[in-house]
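Use the sequences and the hints to build the structure in full.
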Amino acid sequence: MYRHFQQVLIEHVRNFLRQHFQVELDNIVCEQPPKVEFGEYALPLSFELAKKLRKAPRKIAEEIVASIGPIPGFEKLEVAGAGYINARLSRAEAVKSILSGDAPAPTHTEKEKILVEHSSINPNKAAHIGHLRNAILGDTFVRLLRESGYPVDVQNYIDNTGVQVADVVVGFREVEKKSKAQIEQLIKSKHFDYVCWDVYARASQWYEQDKANLKKRLDTLHAIEQGNNEIAELADLIATAVLRRHLETMERLSIEYDFLPRESEILHLHFWDLAFKQMVEKGVLTKEEHGKNAGCWVMRRPSAAGKSEAELTDDDQKVIVRSNGTVGYVGKDIAYHLWKFGKLGRDFGYKKFFRYPNGKDVWISADEGEKDHPHFGDSAAIYNVIDTRQSEAQNSVIDALTLLGFTDAARHYTHFSYEMVALTPRCAQELGYPLSEDEM
Numbered sequence: 001m002y003r004h005f006q007q008v009l010i011e012h013v014r015n016f017l018r019q020h021f022q023v024e025l026d027n028i029v030c031e032q033p034p035k036v037e038f039g040e041y042a043l044p045l046s047f048e049l050a051k052k053l054r055k056a057p058r059k060i061a062e063e064i065v066a067s068i069g070p071i072p073g074f075e076k077l078e079v080a081g082a083g084y085i086n087a088r089l090s091r092a093e094a095v096k097s098i099l100s101g102d103a104p105a106p107t108h109t110e111k112e113k114i115l116v117e118h119s120s121i122n123p124n125k126a127a128h129i130g131h132l133r134n135a136i137l138g139d140t141f142v143r144l145l146r147e148s149g150y151p152v153d154v155q156n157y158i159d160n161t162g163v164q165v166a167d168v169v170v171g172f173r174e175v176e177k178k179s180k181a182q183i184e185q186l187i188k189s190k191h192f193d194y195v196c197w198d199v200y201a202r203a204s205q206w207y208e209q210d211k212a213n214l215k216k217r218l219d220t221l222h223a224i225e226q227g228n229n230e231i232a233e234l235a236d237l238i239a240t241a242v243l244r245r246h247l248e249t250m251e252r253l254s255i256e257y258d259f260l261p262r263e264s265e266i267l268h269l270h271f272w273d274l275a276f277k278q279m280v281e282k283g284v285l286t287k288e289e290h291g292k293n294a295g296c297w298v299m300r301r302p303s304a305a306g307k308s309e310a311e312l313t314d315d316d317q318k319v320i321v322r323s324n325g326t327v328g329y330v331g332k333d334i335a336y337h338l339w340k341f342g343k344l345g346r347d348f349g350y351k352k353f354f355r356y357p358n359g360k361d362v363w364i365s366a367d368e369g370e371k372d373h374p375h376f377g378d379s380a381a382i383y384n385v386i387d388t389r390q391s392e393a394q395n396s397v398i399d400a401l402t403l404l405g406f407t408d409a410a411r412h413y414t415h416f417s418y419e420m421v422a423l424t425p426r427c428a429q430e431l432g433y434p435l436s437e438d439e440m
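Residue numbers (the working numbering): 1 to 440.
The hints are simulated quantities; they were obtained by calculation from the structure and are not laboratory data.
Mixed in with the good hints, there may be bad ones.
[To be verified] Here are the simulated distance ranges between beta carbons: (1) Asp367 / Ala422: 39 to 47 Å; (2) Pro434 / Leu99: 50 to 58 Å; (3) His270 / Val163: 18 to 26 Å; (4) Val163 / Glu392: 15 to 23 Å; (5) Asp408 / Pro434: 50 to 58 Å; (6) Thr313 / Glu37: 55 to 63 Å; (7) Asp372 / Ala422: 46 to 54 Å.
Where is the CB? At the ideal position from N, CA and C, for every residue including glycine.
Following this line, the structure appears as C-alpha cells:
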C-alpha cells in the first residue's frame, strides 16, 4: 500500500514536470521524512531542478505545490526547509482503499523470499503464555510482510532431541513406570501436552531427590541423539504427539506454519559435518593447543582482528566444539542457518505432517521425504523471533556468516528481539512470592 501511493505520487509529479517545465526526470527520488508529522513522503527533486531551471530550490518547490493540483489519495503537498516537498496522504481515503481492496498490493519476486522463524516450542509440554507471546509477535510480523507483497515462509524449529524431551522420557519410564503401550493410550487424549507437563515436573523433582538419577537423563539424551533404538523411538512418539497439540493450539489463534525443521534431521543428515568442513577450510575455526580452551575448536570473532594472543578477551572468541568433541548449540545453529541461506550444499527430506481446515499443508523435515514438495530454504532474508537472552548466540551466527565470506547473508540476518517480562520486587511481594535478601 505504501509503495502504491508512492508510485502514484511519483508519476503525477513526473507528468507535471513534463507539462509545466518541459523537463523529463527518469528517476524521481522519494524519501521518508524524519518525523511522521511532516507527512508520509518527501521529494528533494527541487535541488536537482535548480541548475536546469536556474531558480532557487525553494522557489521551484513553491511553484510545484501551488500549481500541481489534487493528487489521488493525497491530502496536500507542503514546502519544507530549503526546497523539500512533503506529501501528506489522505488517511481516510487510504483506509477505504485498503478495506475495499481497490489499491493493488505490491508484489515481489521469489528471489526476495523472506524466512520468518518463530514459536520454536520444545515438544515436551503444553505451550505457555511466553510461547504465545513469541508466536503472536512472529505471526503479526508475517502478516505485515505478506500484506506488503513479500513471499514469506514461516518456520517453527523443533528441538526434538534436546534435554527437555529426554526428561519427559525419563519421567514416563523411570518415575511413572509407563510402558510404550500405556503412553500410546495417553497420546489419544486431547490434553496429552498437559500430561507431559506434569510428568516433566515430576522428573525434575526426581532428579532433586538423588543427584545420581541425573545419569538416567544423560543416558537417555545420548540414546535419543544416536537414534535407531527403543528410547529414541519413544522420544519421537512423545515429541510428535506434543507437536500436534502445539499446532492445534496455534490454529485456534489463526497462526499457521509452512515448515517444521527438526533437530533430529539436522543430526541424521550431518548438517554440522558440512558446516564444520567449510569453517575449517576457510580458517573460521581453529583448534586451540594451549590455555583454557585447549582441545576446543574456537571461532575468532571479527573483533579479534589485529589483536595479539595476549590482547584477546572472551568476547573476541567463541568455543564452537568442546574439547570432548561435542558441538555446542551455536555450532548446530550455524549449520542450520547455512541451510536457510542455501549455503550448506544439502537439503532436508520433506513430508506432509498437518493439514489446516483451509486445505493448507504443513511440511516436516525427514531423512527421506516425498518427491513433490515446496522449496524451502535458500532465502533472501531471515528474521528470527527470539527473546533478547539469545542475542549472544544470534550474533555468533552472524559473525560466522561474515567470516565465511557470506557477507550479504549476514546483512540480511535479523534477530527480531524482544525483552522478557519480569515482576518488580514489590509486585512479586504483593503476589506472595518470597524475595531473597538481594531483591528486598
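Comparing the hints with the structure gives:
1. For the pair Asp367 and Ala422, the supplied restraint of 39 to 47 Å holds, since their beta-carbon distance comes to about 41 Å.
2. At roughly 52 Å, the beta carbons of Pro434 and Leu99 sit within the given window of 50 to 58 Å.
3. With their beta carbons about 22 Å apart, His270 and Val163 fall inside the hinted range of 18 to 26 Å.
4. A hinted range of 15 to 23 Å holds for the C-beta pair Val163 and Glu392, which are about 20 Å apart.
5. In this structure the supplied range 50 to 58 Å holds for Asp408 paired with Pro434, their Cβ-Cβ distance being about 51 Å.
6. Judged by the Cβ atoms, the range 55 to 63 Å given for Thr313 and Glu37 is violated: they are separated by roughly 45 Å.
7. Range check, Asp372 to Ala422: about 48 Å between beta-carbon atoms, so the 46 to 54 Å window is met.
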